[in-house]
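Asker: Using the hints, position chain B against chain A.
Chains as they are written, first to last, in our numbering: chain A, 1 to 463; chain B, 1 to 374.
It should be emphasised that the hints constitute simulated quantities derived from the structure, not laboratory data. Keep in mind it's a predicted model, so treat the numbers as computed, not measured. Worth double-checking, as some hints may not be accurate.
As the list claims (entries may be wrong) - Pairs of lysine-lysine residues, derived as DSSO-like cross-links and limited to a Cα-Cα distance of at most 27 Å, are as follows:
#	chain 1	residue 1	chain 2	residue 2
1	A	K220	A	K442
2	A	K359	A	K114
3	A	K338	A	K385
4	A	K359	B	K88
5	A	K174	A	K385
6	A	K114	A	K225
7	B	K96	A	K174
8	A	K92	A	K385
9	A	K220	B	K88
10	A	K294	A	K216
11	A	K216	A	K341
12	A	K442	B	K192
13	A	K338	A	K220
14	A	K225	B	K192
15	A	K442	A	K294
16	B	K192	A	K114
17	B	K96	A	K455
18	A	K220	A	K294
19	A	K455	A	K174
20	A	K216	A	K442
21	A	K220	A	K341
22	A	K341	A	K221
23	A	K294	B	K88
24	A	K174	A	K359
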Amino acid sequence: MSMIRKILVLVMLFSMLLTACGPSETQAPPATEAPGTTQEPAATEAPGATEAATEAATEAPATAASGEKVTITLATWAGADESNELQAVIDKVNAEATDFEIVHQPNPADYYTKIQTMIAGNTAPDLMWLSQEYVANFADNGAIMDITDQVAALSDMPAAQLDDYYPGSIAVAKYNDRLYGLPWIAQPVVLYYNPELFEAAGVAPPDESWTWDTFKEAAKKLTVKDASGNITQYGTAFNGWPPIQMFIWQAGGEVITPDLRSSPIDSPEAIQGEEFYSDIIYNPEYAVPEEVIKEQGFGEMAKAGKVAMFFGGAADDLDYAYQNDPQNARLTMALVPKGPKDRTTFAWTAITAVSAQTKNPDLAVKAMVALTEGIHHWKVLAPRKSLATADVIAAAVPGKAESAPIILQAAESMRSFNIIPRHAEWDTIFWEQFQDPLYHGKGTVAELAAAARAKLEEVLPAE
Amino acid sequence: MVDTGSWVQDYSLTLSHWLLVGAAVILVIVLTNRLLQSLGMNAEAATGLALIMPWVLGFLIFSLYPFLTSFYLSLTEYNLLRPLSLDKLPPLVGFKNYQYAITDDPNFWPSIRLTLLYGAISIPLGLAGSLLTAMLLARDVRGVGIWRTIYYMPAVLPAAATALLWRWMFNPSSGLINTILSPILNLFSLGKPAWFTDPQLVLPSYVIMGMWGIFGTTTVILLAGLKNVPRELYDAATVDGAGLFGQFRHVTLPQVTPTLFYVLITSMIGALQFFTAALFITTPREAGTFLQVYIWQQAFQSQKMGYASALSWIMLVLTLLLTLLVFRSQALWVYYEGELQQDGKKRVREPDLVAGTRASQQLSEGQPTPHGGA
Numbered sequence: 001m002s003m004i005r006k007i008l009v010l011v012m013l014f015s016m017l018l019t020a021c022g023p024s025e026t027q028a029p030p031a032t033e034a035p036g037t038t039q040e041p042a043a044t045e046a047p048g049a050t051e052a053a054t055e056a057a058t059e060a061p062a063t064a065a066s067g068e069k070v071t072i073t074l075a076t077w078a079g080a081d082e083s084n085e086l087q088a089v090i091d092k093v094n095a096e097a098t099d100f101e102i103v104h105q106p107n108p109a110d111y112y113t114k115i116q117t118m119i120a121g122n123t124a125p126d127l128m129w130l131s132q133e134y135v136a137n138f139a140d141n142g143a144i145m146d147i148t149d150q151v152a153a154l155s156d157m158p159a160a161q162l163d164d165y166y167p168g169s170i171a172v173a174k175y176n177d178r179l180y181g182l183p184w185i186a187q188p189v190v191l192y193y194n195p196e197l198f199e200a201a202g203v204a205p206p207d208e209s210w211t212w213d214t215f216k217e218a219a220k221k222l223t224v225k226d227a228s229g230n231i232t233q234y235g236t237a238f239n240g241w242p243p244i245q246m247f248i249w250q251a252g253g254e255v256i257t258p259d260l261r262s263s264p265i266d267s268p269e270a271i272q273g274e275e276f277y278s279d280i281i282y283n284p285e286y287a288v289p290e291e292v293i294k295e296q297g298f299g300e301m302a303k304a305g306k307v308a309m310f311f312g313g314a315a316d317d318l319d320y321a322y323q324n325d326p327q328n329a330r331l332t333m334a335l336v337p338k339g340p341k342d343r344t345t346f347a348w349t350a351i352t353a354v355s356a357q358t359k360n361p362d363l364a365v366k367a368m369v370a371l372t373e374g375i376h377h378w379k380v381l382a383p384r385k386s387l388a389t390a391d392v393i394a395a396a397v398p399g400k401a402e403s404a405p406i407i408l409q410a411a412e413s414m415r416s417f418n419i420i421p422r423h424a425e426w427d428t429i430f431w432e433q434f435q436d437p438l439y440h441g442k443g444t445v446a447e448l449a450a451a452a453r454a455k456l457e458e459v460l461p462a463e
Numbered sequence: 001m002v003d004t005g006s007w008v009q010d011y012s013l014t015l016s017h018w019l020l021v022g023a024a025v026i027l028v029i030v031l032t033n034r035l036l037q038s039l040g041m042n043a044e045a046a047t048g049l050a051l052i053m054p055w056v057l058g059f060l061i062f063s064l065y066p067f068l069t070s071f072y073l074s075l076t077e078y079n080l081l082r083p084l085s086l087d088k089l090p091p092l093v094g095f096k097n098y099q100y101a102i103t104d105d106p107n108f109w110p111s112i113r114l115t116l117l118y119g120a121i122s123i124p125l126g127l128a129g130s131l132l133t134a135m136l137l138a139r140d141v142r143g144v145g146i147w148r149t150i151y152y153m154p155a156v157l158p159a160a161a162t163a164l165l166w167r168w169m170f171n172p173s174s175g176l177i178n179t180i181l182s183p184i185l186n187l188f189s190l191g192k193p194a195w196f197t198d199p200q201l202v203l204p205s206y207v208i209m210g211m212w213g214i215f216g217t218t219t220v221i222l223l224a225g226l227k228n229v230p231r232e233l234y235d236a237a238t239v240d241g242a243g244l245f246g247q248f249r250h251v252t253l254p255q256v257t258p259t260l261f262y263v264l265i266t267s268m269i270g271a272l273q274f275f276t277a278a279l280f281i282t283t284p285r286e287a288g289t290f291l292q293v294y295i296w297q298q299a300f301q302s303q304k305m306g307y308a309s310a311l312s313w314i315m316l317v318l319t320l321l322l323t324l325l326v327f328r329s330q331a332l333w334v335y336y337e338g339e340l341q342q343d344g345k346k347r348v349r350e351p352d353l354v355a356g357t358r359a360s361q362q363l364s365e366g367q368p369t370p371h372g373g374a
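So here's chain B without its partners, still in its complex pose:
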């Protein structure tokens, strides 16, 4: 039985703190609005700015400040056990942490290699699988809503739970994967693969596990992208004699490239930040350590928070460079409708990362599938 009185007593203090925060937020909005209006700003603009002020403050305090602090810490020998204060600042070491990572740390480059290799293999496979699944879900079949819900379910499961599930599935002797494979393996007199305990199979195991991500947000975003493809293009392609593959190659694929571009960027960032599953599944040392896990180990196991901050900044730069590379490449493969110049040449336009969002909005509007599957 729940003791209501005790429950109220336990939570009332916390609840009152939350309410005080709420009151403070309202106060900030009101005061900002008054201040801006007293400075001569018109009421509509002042109200708008006042309403976003809590978010701006939240961003400055909880995102920008830690962001800049982490850069400062990356230039120091900061240890978590020595709390930061103005009279006890950690010793400054300049760019020594960066230099050590790049030139001396024997684990840094292998972890970069493993992380990039994982991304290079899992992202193309994931995108292809997602697109295929999205195309299946875009077909007008009975109960498509239920199928879409089922295929989206992996996205709402906690990463730690799915990691544990996959660890069991990859279990060499009693896991589901080897149980399914065993008739084939027996046929060719092959032993059961040891998956996460075999250094050679660790990366393939993670990549297979990463395919789980096909069924989730990526598929839904691509599905929305598919729904944006105008039906008349398929009609025109059919009149021109295009078959299913022709429609896919000349209509579907070019039309969903903006969405694919968006998904590629987010998938790439996700792959570089691969962490939870790698932390939950123990693998042989030889197989290497993912960069995010290595950063965590340096921060909390070796207590080199300064060095971990430097590694994080290196990861940020790496992510930015790769993202920039993909952005630059979009002129070669991303098709934006209505962007052909008079001479027929494709015009490069500014990056459009809202394609996925726009596609999602249209999905939520419940528009009928224009092409019935290509």
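Same shape as in the complex, but just chain A:
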């Protein structure tokens, strides 16, 4: 027994010694030396370090008055490259801040599962990235903080001036007219095309005169078959991307009305958009088959010069990938074709939200606003009208300089989804009971839309 006692005493002494030597919980981790050597590997490979940072934020709310910076944790889905770039932004924000230090916790795999588990375990990060469709849900369940008043109090900071945001972008950060985050990106869908293939087929490049019919005709002409009838070059590629909502909007329809009370996917306008989409997707005459997309990825096929026209996000590297690797096809950006009503394009929007569990709400909001300002000078497109200039775009991503005028034009007609708290459920029904059967010929547009509408409206908010 005396031996056990000795071992126990030694282990405890050693533990206390190590605890004393370890970094203080309120002390920020060492700053990175260069943007290329970020803390991302440490954060992803060493759970212990992450836990320590989380504890620092949630268990020890240090005060700025003590002279030490308060650690504010930020969870994102950024992968390795994006993390490196984000860390450079964070370093700059941290260098200018006197009272907080943002620590990045990247979770590139299974991000939302991890975030929800952290929230359930009361160990949520102070700040978190959320894609637009999650905002209402997180806000409705009290997982993120209503920051309306805090942001109003910081109106001297450029990113806190809400009037500067595109209305469609700031709308996704709101729930019940209260603000729950700030958008850091609004990426409109644009059309990438391969000028060489257009020239070879004798088709004029897409311009503002293009309509749905022009697009479909061009797709047919741009499809090339070999002697045995196998397609060697496709006109276009759809597989659920671009979102069908965009074409429904272009025809004047809605999938969720602005008052969030109905899902009129069986309206004549909506059906017009749905028929156009279902006619193109996996069309054996000119569109890439489903299994080939799964196998090769249509973005990669476009880069490889196998697809002539491809809908992509404005921030995608399709128009400048050839600069990094000459093997990639040289693609050019154009506006999406115009629908029967207008040229509305979908904008993928994401926000940074503040956790309702943060122990430092005011500092967390301040850090979020400062970080948002930094990200707005990194990502394309910053969702603010004052930053919607070719110079800002070129400074953020030099490869986008040539495409900047098109991006700015697309931004004028971009919009996001109308979001409901049970959006994930709604989306699952929309896919499983409408889109998937429609794309696989399991019914007509009208039949499927009428049947799915009832199911979709069951998950809309009650009166």
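Answerer: Frame of chain A, contents of chain B only:
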């Protein structure tokens, strides 16, 4: 170059936490030992109980508590985004979640059907393949140790990595399987199967993929079971004129039934919990969703953790029922040596799930193969 100072600083806090846990474990052992002895228990028994106390506490805290909590949650409308606390308990809904699953959920029964169908096809094929492989590995051939190592390697590969590998192999146009099949398909003017993108072929694709499991733990356990078969039985069978098939049918097969029984139970539970590969490989909606994947979707995508808990409990009951069924069936097909009653009738004995473990132990003792392959 690794910055040692920074590394030590980054990890020291974590390391100190681990050491504190270690110290706490030792403290629990010591205190339990003293408490039990002060209550009059003899030193040997007290020490034994004290040594298992950390495990008991670990089981109570990390297994039993979540287990019981999940049952409670299955009776509520719990949402992960609303952390549990005593002053904010989720609303109780009784057995509504169970009722909804069984009577109203359009996806529940198809997912049960797919999961059971997968198990019903893949388990017999897997067991037959494993037994065959084990019999091959039981033969005294040169370098058998190397072969056994090679055949065990799939068991140590991460499930996610093998799922991605199989996804590539099943790729319709550039995958290895269709490349191998293409001469035969061309001969009969047949198109290339689309495997995971064809709803009709999704289940067969998963079953073929599941055969990967033949080479791994199951084979090793069966191999150990084969090594338990006494050589004299083969000698007797040979004297009686039994050929290779006769030896297999009348000696090998009956003798390995306890091991097969163990492997069947574990394989069945594994099939019902089929998850990782199904999550990594996207398949058409028509093909259905495995029950475990559906539970995950309900929990983390639809955020219905209460409903997901109910589905988990239904799965548990289903697993228990099937396991019970297999247990009851062992009287019909599992042979336990030395259990014949005086009148020659087979006596039913208590289930013996340690057969596999016992077989594994004997394998590790390096006993020579008694039968040289049957």
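Asker: Any hints this thing doesn't respect? Which numbers, in order?
Answerer: Structure breaks hints 6, 7, 9, 16, 23.
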